[in-house]
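Keeping the supplied structure of chain F fixed, place chain A upon it in accordance with the hints.
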Amino acid sequence: MNLFDTFSLVLFPYIAVAVFVIGLAYRYRKRGFTVTSLSSQFLEGKSLFWAVVPFHIGILVVLLGHLAAFLLPDVILAWNAAPLRLMILEGMALIFGLATLVGLAGLMYRRFTNERVRAVTTTMDVMLEFVLLAQVVLGVWIAVGYRWGSSWFASDLTPYLWSLVTFSPEVSAAAAMPIVVKLHILGAFLLLFLVPFTRLAHVFVAPLHYIVRPYQQVIWNWDRRKIRDPRSGTSVR
Amino acid sequence: MDVRSQISMVFHLDKCIGCHTCSVACKNIWTDRKGAEYMWWNNVETKPGTGYPGKWEDQDIYKGGWEEDGKGSIRLKGAGKPKSLTNIFHNPHMPTIDDYYEPFTYKYLDLIEAEAGDIQPTARPVSMITGEPMDIQMGPNWDDDLSGTPDHARKDPNLEGLSEAEQEAMFQLERMAFFYLPRICNHCLNAACVASCPSGAIYKRGEDGVVLINQDVCRGWRMCVTACPYKKSYYNWNTGKSEKCILCFPRLESGHAPACMHSCVGRIRYLGVILYDADKIEAAASAPESELVERQLDMLLDPFDPKVIAAAKANGVADSTIESAQKSPTYKFVKEWDLALPLHPEFRTLPMLFYVPPLLPVMASVTDAIDDERRQKIHEIGKKWSDDWIYDTSIEELFGTIDDARFPLEYLANLFSAGDVEAVKSRLQKLMAIRLHRRRETVGDIDEAAVDKALKNVGLTGRRANAIYYLTSLAKFDDRFVIPPAHREQAIEMLDGDVGAVKGETGFGFKRGTNKRGA
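Chains F and A supply the protein sequences, listed in that same order.
Once you know that position 129 of the first sequence is 129 in the working numbering, the rest is easy, because the numbers rise by one and skip nothing.
Remember, the working numbering sits 1000 above the position in the second sequence when you count from 1.
The following block holds chain F by itself, in its conformation from the complex (with noise of 0.2 Å):
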C-alpha cells in the first residue's frame, strides 16, 4: 500500500468525516443564519428549471443507490443474482447519473453565463462545482468503463467502508481498485469534508419535518400559565 492509499483510503476519510460531523453541527448551531439553500431562482427562473431538476433528482437517486449498497449490500446482491435485474438496476443508474451530469453542466453554464447568477457567485460555489463536476464524471466514466458497479460495490467496497466504520480499515480490496474508482471515493470523502463550508449544508437541512407539523405556527416568548400567576416572580397581571 503506497503512501497516496493511505491517504486517500484511510486518513482523509477520517479526516474528512470528522470534519463534516464537527464543522456541520458547529455551522448549524452557531451560525445558523448561513445555513441556506442560496437559491438563485429569484434571478433567473426560466433556463433553471431544465438544469437544476434534472441535477437534484439524478444526484438524489444516485446518492441512495450508493447508500442501499453501503447499507444493504445482501439486498442489491440477491437483486443482482438475475442478468436482466442487473441491467435494469445498472441501467438505471446510468440515466440518473447522466441526468445528473447534464444537470450539473446546465447549471455551470448558466452560473458562468448570467450576469445577475454571476453577482451572486463566491469562489467556494466554482470550487464546489468543479469537485462536482469532477466527481460526477468519475461516476459515469465508472459506470460506463467498469462494468456492474451495483455488484462490486457491494461485495468489494461495502466491507472495505464498513472496516473505516469499525475503526479497523482493512483496505486490500479497495487499494486493488483502479485509480479511476479510488479517485472517485477520495471525491466522495473531499464533498463531505466540503459540507460545513459551503452551501451543499442545504442538503442536511431537507424539510422533513413539514410533513408532520401543522399549518400554522404559534410561538410565545412567554409562559403563558406563568404569566398570570401571582405566586410566580414574573407574572404581570
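Rather than coming from a laboratory, the hints here were simulated on the basis of the structure.
Incorrect hints may appear among the rest.
Stated by the list, open to error - No farther apart than 20 Å at their CA atoms in a straight line, the calculated lysine to any residue pairs in the SDA-like style are these: (1) Lys30(F) to Asp1216(A); (2) Lys226(F) to Asp1216(A); (3) Lys1313(A) to Trp220(F).
Claimed, not checked - Which chain A residues stay away from chain F? Per the calculated CB distances, all over 12 Å, these: (4) Glu1132; (5) Asp1145; (6) Gly1148; (7) Lys1155; (8) Glu1164; (9) Glu1168; (10) Asn1190; (11) Arg1205; (12) Arg1267; (13) Gln1326; (14) Ala1449; (15) Asn1457; (16) His1487; (17) Ala1491.
Stated by the list, open to error - A few chain F residues that face chain A, going by a derived Cβ cut-off under 10 Å, partial list only: (18) Val131; (19) Tyr210; (20) Arg213.
Cβ coordinates follow ideal geometry from the N, Cα and C atoms, glycine included.
Using the frame of chain F, we list chain A on its own:
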C-alpha cells in the same frame, strides 16, 4: 373560546395623500441593505393600477393564498405540503426580480470626476445587483397617479366583473379618479406564508400576533414568496433568506408606533389591539366567499364583555393588553363602527389590516351642468362651483352620488369585500352621513331632517358620528396608536433566565454582519 390578542391596523384611505413617506421611513430603517434594495415592506399603490409586484392580485399568475378544496375545507393554492416538497428544487410559481423591478442606482461620481469637456457629464443608471449599466424598466411605483394607464391601470385585476362600459367610463379623462392603497404585511390570522414554510421558520407571535421569519431557521426554500397572496414576503437574493415586514416589533416593544405609522403625513394609520377567538380561525377561513368578511368580523371579541375578559386572562393575556384592547382605535373602526374592511378577503388568510374605503373618488362625480334635470339635484353649494363640469360633493339626494358613483362600487368591492357591493356601500353611506352631520354642525346649511334621516338610515347617532369624526380628523398620536406594553423583560426572564445574555439582541439584523453570503 381561545382568546388571543392581535395588534391590528386600520388605514383610512380618504386621508392618504400618496406621499410615500411611510415607504421611505420603512426603507431607511429596514431594507437599505444588499439583497433587500428591491423590497418595499411598505409600499403605496395607485388604484386602479397593477401595483408591486406587477398584477400581484392576480392569483392565476402568482398562485398565492388559499383556495377551497371542494371538500368544505381550504388548501394553499400554490404551495402546501405536497407542492412545496415536490417543487422544492424549482418553484414554478415564484416571481423573479423582473416581476418587481431590478434595483438601480446612478454613477454619481461620474458627475464630479468627468474630464472637462463640451458635453455635460451624466450619471448613468447601474444595476444594484450586477453593478453593470442598465436601462431602467420598472420601479416600485411606476404607475403612480395613473401614469402609464394603458399598461397599468387598465390591467388592474380588480376590474374583473366590471362591464366594458364601466371600465371605459373609469378611464375617460374627465371622469378619471384614483386613490392610494398603502400596503404592509397584513399579519394574518390564517397566514399562508406560515403554512407554506417547509422549514417552519415563519411563525405568529402569541402575544401580539406579529408574523415573523426566523432568519436563523429559514433555509431559502422560497415557498412563502409564492404563498403570500399580498406578495409581502420577499426573498433576499444576497443572504438566501426570506424577509418580511416585522411591524417594527422592536419599536412596539418599547412603546413606539411602527415607523410607517409614526411618519404618516396624512395620519391615516391607526394601530391597536383586537381580541379574537382563535377557535374560529379555521371555520372563518373556510367559509363561502360571500360570508368571509362577516365571519372574520364575527371572530373579533368585545373587550368589555366580562366573559371575554375572563377567557383572555385564563389564556395568558395580560391585563395591560386587555386595557389596550378597550381603548383600541382599530376595534372601534372595524367592529364597533363597522367602517373598515380587510383587503382581498377572498385570499382567505384572514388579514388583520383593515381599510376604511375611500369615499372621495366615489362621491366626487362630475356632472354635465348642461343637463338640467341633473342640475336640479345639485345642492346650492355645488352650483357655485359650476363651470361646464361640477364636482358634486354635496347633493340633496343624500345617497344619490354613491349609487351614481363615477368610481364603480364593484371595483371597491373586488378589493375589500370579495365582490360584496353592499358591504362597501353601507360603509360609504356611513361616511357620507357623518360628513352631512358635520356639515350641519359646522356650516349649518343642510336640512336638519334630511341629516337626521341620513344618520338613522345608517344606524348612527349624532354622538357616535361625532366620535367617528373625532377619531378620523382630530385624533392625537395617543388616540391613533394604543400600543400594549410588551412585558418583554418578563418574557425573557421566563424563557431564558439570563437577562444579560440577550441584551441588545432584539430586532431585525445580523449580529455577524451582512456581507457574508452563505459560508
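Hints versus structure:
1. For the hint linking Lys30(F) to Asp1216(A), the alpha-carbon distance of about 9 Å falls within 20 Å, and the restraint holds.
2. Restraint check for Lys226(F) and Asp1216(A): the C-alpha separation of about 28 Å exceeds 20 Å, so the hint is violated.
3. The suggested pairing of Lys1313(A) with Trp220(F) holds, with an alpha-carbon distance near 15 Å, which does not exceed 20 Å.
4. With 12 Å as the threshold on Cβ separation, the claim that Glu1132(A) sits away from chain F is violated: the shortest Cβ distance comes to roughly 6 Å.
5. Residue placement check: Asp1145(A) keeps its beta carbon more than 12 Å from all beta carbons of chain F (closest about 29 Å).
6. The Cβ of Gly1148(A) lies farther than 12 Å from every Cβ of chain F, with a closest approach of about 25 Å, so its non-interface assignment holds.
7. At the 12 Å boundary, the C-beta of Lys1155(A) stays outside the reach of chain F, the nearest C-beta of that chain being 22 Å off.
8. With a least CB separation of 34 Å from chain F, Glu1164(A) remains clear of the 12 Å interface cut-off, as annotated.
9. Taking the minimum C-beta to C-beta distance to chain F, about 36 Å, the non-interface status of Glu1168(A) holds against the 12 Å cut.
10. Distance check on Asn1190(A): its Cβ comes as close as 7 Å (rounded) to a Cβ of chain F, failing to clear the 12 Å threshold; non-interface status is violated.
11. Non-interface call for Arg1205(A) relative to chain F: violated, since the shortest CB-CB distance, roughly 6 Å, does not exceed 12 Å.
12. Residue placement check: Arg1267(A) keeps its beta carbon more than 12 Å from all beta carbons of chain F (closest about 31 Å).
13. Here Gln1326(A) stays apart from chain F, with its beta-carbon at least about 16 Å from theirs, past the 12 Å limit.
14. The claim that Ala1449(A) is not at the interface with chain F holds, since no C-beta of that chain comes within 12 Å of its own (minimum 51 Å).
15. For Asn1457(A), the condition that its CB be more than 12 Å from all CB atoms of chain F holds, with the nearest at approximately 41 Å.
16. With 12 Å as the threshold on Cβ separation, the claim that His1487(A) sits away from chain F is violated: the shortest Cβ distance comes to roughly 5 Å.
17. Chain F draws Ala1491(A) into its interface by the beta-carbon criterion, the shortest separation being 4 Å against a cut-off of 12 Å.
18. Hint on Val131(F) is violated. Least Cβ distance to chain A is approximately 15 Å, over the 10 Å limit.
19. Hint on Tyr210(F) holds. Least Cβ distance to chain A is approximately 4 Å, under the 10 Å limit.
20. The restraint placing Arg213(F) at the interface with chain A holds, with a minimum CB-CB distance near 6 Å, inside the 10 Å limit.
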